[in-house]
Amino acid sequence: MDALPTATAAVLDRDGLQALIEALAARGFRVCGPVVRDAAIVYDEISGVADLPAGWTDRQAPGRYRLERRADQALFGFAAVPQAWKRFLHPPVETLWRVRQGEDGMLFSSAVETAPRYAFLGVRACDLRAIAIQDRVFCADDCRDDAYERRRRDAFIVALNCSEAGDTCFCVSMGTGPRAEGAFDLALTELLDASRHEFLVEVGSAAGEELLAGLPRRTATEPDRAAAASVVARTAGRMGRSLETAGLQELLESNPEHPRWDEVAERCLACANCTMVCPTCFCTTLEDHSDLSGGSAERVRLWDSCFTLDFSYIHGGSVRQTDKGRYRQWMTHKLATWFDQFGSSGCVGCGRCITWCPVGIDITEEAAAIRATPHIQGGDHG
Amino acid sequence: MVAPDPFLPQPYRVERRRRELVGAVTLELAPLVGARPDFAPGQFNMLYVFGVGEVAISLSGDAERGTTFVHTVRNVGAVSGALTRLEVGASVGVRGPFGRGWPLTGAEGADLLLVAGGLGLAPLRPALYAILARRERYGRVLIMVGSRSPEDILYRRELEHWRRRPDLEVLLTVDHADADWHGHVGVVPALIPHAGLDPARTLALVCGPEVMMRFAANALLAAGIGPGRIHLSMERNMKCAVGQCGHCQFGPFFVCKDGPVLGLDRIGGILAVPEI
Numbered sequence: 001m002d003a004l005p006t007a008t009a010a011v012l013d014r015d016g017l018q019a020l021i022e023a024l025a026a027r028g029f030r031v032c033g034p035v036v037r038d039a040a041i042v043y044d045e046i047s048g049v050a051d052l053p054a055g056w057t058d059r060q061a062p063g064r065y066r067l068e069r070r071a072d073q074a075l076f077g078f079a080a081v082p083q084a085w086k087r088f089l090h091p092p093v094e095t096l097w098r099v100r101q102g103e104d105g106m107l108f109s110s111a112v113e114t115a116p117r118y119a120f121l122g123v124r125a126c127d128l129r130a131i132a133i134q135d136r137v138f139c140a141d142d143c144r145d146d147a148y149e150r151r152r153r154d155a156f157i158v159a160l161n162c163s164e165a166g167d168t169c170f171c172v173s174m175g176t177g178p179r180a181e182g183a184f185d186l187a188l189t190e191l192l193d194a195s196r197h198e199f200l201v202e203v204g205s206a207a208g209e210e211l212l213a214g215l216p217r218r219t220a221t222e223p224d225r226a227a228a229a230s231v232v233a234r235t236a237g238r239m240g241r242s243l244e245t246a247g248l249q250e251l252l253e254s255n256p257e258h259p260r261w262d263e264v265a266e267r268c269l270a271c272a273n274c275t276m277v278c279p280t281c282f283c284t285t286l287e288d289h290s291d292l293s294g295g296s297a298e299r300v301r302l303w304d305s306c307f308t309l310d311f312s313y314i315h316g317g318s319v320r321q322t323d324k325g326r327y328r329q330w331m332t333h334k335l336a337t338w339f340d341q342f343g344s345s346g347c348v349g350c351g352r353c354i355t356w357c358p359v360g361i362d363i364t365e366e367a368a369a370i371r372a373t374p375h376i377q378g379g380d381h382g
Numbered sequence: 001m002v003a004p005d006p007f008l009p010q011p012y013r014v015e016r017r018r019r020e021l022v023g024a025v026t027l028e029l030a031p032l033v034g035a036r037p038d039f040a041p042g043q044f045n046m047l048y049v050f051g052v053g054e055v056a057i058s059l060s061g062d063a064e065r066g067t068t069f070v071h072t073v074r075n076v077g078a079v080s081g082a083l084t085r086l087e088v089g090a091s092v093g094v095r096g097p098f099g100r101g102w103p104l105t106g107a108e109g110a111d112l113l114l115v116a117g118g119l120g121l122a123p124l125r126p127a128l129y130a131i132l133a134r135r136e137r138y139g140r141v142l143i144m145v146g147s148r149s150p151e152d153i154l155y156r157r158e159l160e161h162w163r164r165r166p167d168l169e170v171l172l173t174v175d176h177a178d179a180d181w182h183g184h185v186g187v188v189p190a191l192i193p194h195a196g197l198d199p200a201r202t203l204a205l206v207c208g209p210e211v212m213m214r215f216a217a218n219a220l221l222a223a224g225i226g227p228g229r230i231h232l233s234m235e236r237n238m239k240c241a242v243g244q245c246g247h248c249q250f251g252p253f254f255v256c257k258d259g260p261v262l263g264l265d266r267i268g269g270i271l272a273v274p275e276i
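Which chain is which? The protein sequence lines are X and A, in order. For the first sequence, position 345 matches number 345 in full-length UniProt numbering, and the numbering has no gaps at all. For the second sequence, position 126 matches number 126 in full-length UniProt numbering, and the numbering has no gaps at all.
Next up, chain X with everything else stripped away, as it sits in the complex (with noise of 0.2 Å):
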């Protein structure tokens, strides 16, 4: 996505959204964005406006997570939904090979398919700052997942603004949101009152100035900026927590034997929901599957998480034994380990670890007790 100098930026009303989803599937994208399913909003595959959560919101608190009806008819008014994009771009389940046995050994090719090129509507600032995450993991100069990097770059980025916070977002302190920043084609704004219900549209790459040039739309004016500007600035306003970032690399670092690890492990149930949640956590396994006949095989890689026991298991037994170990794992490799890693945080500031916690851990919370009562520990090598 090539940067433009100077951000454009035009109006849509409810049709000429319509028209931006129609156009992308016209180019053949398959569209997917946010759709209510089984009590929640989910991301899927969306052929017109009619398909968005309209006039829907949801509650989101530590275990907990509801739809409610809104008073009005907006088509984002809600916060992160429960799974990332990851799923498209880094699915959780996908043959990389086949093997079958040849006269003279094993005959091995590639059965990674082809995906879709993807057009995503409403990524939020915090999902936006995930998936380039995730592409420091999977387009590494020393290792690059084709498959993911073709996907990555076919997609068609429709980012939000968002006009909702949840209870347990906390995108402001990580700096990662609620303004959309980085590499998307297009960013919406929903600008929604008792005189109009429209979107401000702004322009990130020239696919996406490409795209606006043929939808029915209106320049956009000042005012019609500084709304933009508003709904942006209400919703850093009311976020539900923060993470208090300074210094927490080497204070995590440093504290592996601090006693809150013990106390958060009385309460995790090493469910690894928060893992399957994140958008960033990237962690898979490879398994390995034979026909009855055994004439052939394939290789799977499923997604994984350091929570379950077989995770670090070598012979003589797992490495990571205890739920203490496992959410200390999970948690410093978040806030801490990343840095070193890949050079930035682990966490967008989502919430979604706090929201589908099934006994409520908040990681601002964990990491702010670690905080108030540090135990640094020396470095002896018994």
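Hints are computed from structural coordinates only; laboratory data are not their basis. Hints may contain errors.
As the list claims (entries may be wrong) - Beyond 12 Å from chain X on every Cβ pair, some chain A residues (computed):
#, residue
1, Leu168
2, Gly183
3, Val185
Unchecked claim - Each pair of labels, with its calculated beta carbon distance range:
#, chain 1, residue 1, chain 2, residue 2, range
4, X, Pro116, A, Gly106, 46 to 54 Å
5, A, Gly106, X, Ala369, 43 to 51 Å
6, A, Arg85, X, Arg37, 46 to 54 Å
7, A, Glu151, X, Tyr313, 24 to 32 Å
8, A, Arg85, X, Gly48, 58 to 66 Å
Glycine included, each C-beta is placed from N, C-alpha and C at the ideal position.
Here the structure of chain X is known, so what remains is to put chain A in place on it, guided by the hints.
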């Protein structure tokens, strides 16, 4: 040139198979097409047995000679067990080599101490071959090998051969001696204080069970060797071998690509912490 898919194994064939110890064999694997890639001492491959699975196994042959990959494998699980049961001619999938090996470049002029526990000698053997190929570039070269019992000494004939070389000091110790054993008895770190090491000149390469490496690291530090001159070959669960599956994390490190050989100056702080 298109980089090869790091996830796709290449077909190899078992060229030779030698029984080493109870449950441990050495396999020589030849590529079905082309030549084996170059490797550095201390690196590892991912070996795949048809329909069973894949496991990380260190390279234990001579990096500068031969056309095969040499791997010593012990039966400790489904895949390693299947590997030990392969016959000559059997097919194996190979991905690799992966990881960072022993820091031999830049070690010229140093005294080298190789400390092995059990099968930990296997990843050290390529380092020893490389050292012996240009023996004149190094000072003292010592190998300390600890084994459970005399029957559990890996590469014993080769060790006996090396022991006769005047330019190599080979110290063997066993946990449990039998009536014919006249050597050291005890754990391998216990040999370190008595080796007369020159701490400023010594570079230590250590491989074995993690608990043995912790004790060896402490003994080396106590002998005055700086943590930057002590290198350990770490073991963690490995699936992808390229830093993308997350399994092998050890604090900030991916053992598969930052290691498996890591300096104690980098890992000393976390080596002692349980469950890191």
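Per the hint of 46 to 54 Å, is the separation of the Cβ atoms of proline 116 of chain X and glycine 106 of chain A within bounds?
50 Å, holds
Non-interface claim for leucine 168 of chain A, where every Cβ of chain X lies beyond 12 Å:
It holds; leucine 168 of chain A is separated from chain X by about 29 Å at its closest Cβ, greater than 12 Å.
Given a hint of 58 to 66 Å, does the C-beta separation of arginine 85 of chain A and glycine 48 of chain X actually sit inside it?
This hint holds: roughly 59 Å between Cβ atoms.
With 12 Å as the threshold, tell me whether valine 185 of chain A passes as away from chain X on beta-carbon distances.
24 Å, holds
Measuring from beta carbon to beta carbon, are glutamate 151 of chain A and tyrosine 313 of chain X in 24 to 32 Å?
28 Å, holds
Grab the minimum beta-carbon distance between glycine 183 of chain A and chain X and tell me whether it stays above 12 Å.
Given a closest Cβ separation of 27 Å, the condition holds.
How does the Cβ-Cβ distance of glycine 106 of chain A and alanine 369 of chain X compare with 43 to 51 Å: does it lie in that range?
The hinted range 43 to 51 Å holds for glycine 106 of chain A and alanine 369 of chain X, with Cβ atoms some 45 Å apart.
Lying within 46 to 54 Å: is that true of the beta-carbon distance arginine 85 of chain A to arginine 37 of chain X?
49 Å, holds
This entry satisfies every hint, going by the numbered hints stated previously.
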